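Colleague: With positions in the sequence shown counted from 1, the corresponding number in the working numbering is that position plus 1.
Calculated directly from the structure, the hints in this document are not laboratory data. One or more hints might be untrue.
Quick list of the computed label-pair ranges, beta carbon to beta carbon [said to hold, decoys possible]:
(1) L124 / K5: 38 to 44 Å
(2) D80 / I55: 25 to 31 Å
(3) N81 / S126: 17 to 23 Å
(4) A88 / P8: 27 to 33 Å
(5) K5 / V109: 17 to 23 Å
(6) S3 / K141: 17 to 23 Å
(7) M2 / V140: 27 to 33 Å
(8) T6 / G85: 41 to 47 Å
(9) G90 / G144: 39 to 45 Å
(10) V109 / I29: 20 to 26 Å
(11) V77 / K141: 22 to 28 Å
(12) S94 / Q30: 31 to 37 Å
Okay, derived cross-link-like pairs now, SDA-like style, lysine to any residue, Cα gap no bigger than 25 Å in a straight line [to be verified]:
(13) K133 / G85
(14) K134 / V113
(15) K5 / F143
(16) K141 / I45
(17) K27 / G52
(18) K133 / I29
(19) K133 / G112
(20) K79 / N92
(21) K79 / S94
(22) K27 / M50
(23) K27 / V113
Just so we're clear, the structure is a prediction, and the values are computed from it rather than from any experiment. The C-beta atom is built at its ideal place from N, Cα and C for all residues, glycine as well.
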Amino acid sequence: MSIKTVPTLTLEGARTALDAAEARAKEIQVPMNIAIVDNACHLIAFARMEGAKITSIHIAIDKAFTAAGHRAPTSVYKDNVYPGGPAYGINHSNAGRFMTIAGGLPIVKDGVVVGAIGCSTGLPSQDEDVAKKGVEAVVKSFGVKAKL
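Let the hints inform the model, and build the full structure from the sequences given.
Modeller: Right under this line is the structure:
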């Protein structure tokens, strides 16, 4: 067969992640831009909380893009992108969309990346904390069985 079925995050799953991330951002009092992409890095949900930096809209989207496309948290690159480092300049790849700042996390089901979340406006550690809450919520929802 020349095609295959690949699991991907649904809009419902994206909303679950978005709601949890937004709740965490409110809890820590840091308004965020929150982006959710599917397994092919396409945007499926986005929220710009009141007070979130306009300049970080595309950063959030690109963090999600990077986490889904490279199937790794964006924070893993921080120790390799310094001048002379093994990944120096990688941020210029993918038309400049590759993000090496914490706050982008893949969403994984059964060992397969089905999407990703990217958060931006706070410190990198805050962005990653908010993204983590989104991932945790949607992963928890994977185990929920529909009532018939």
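Colleague: Of the numbered hints stated earlier in the document, which are not met by this structure?
Modeller: Violated: hints 6, 13 and 23.
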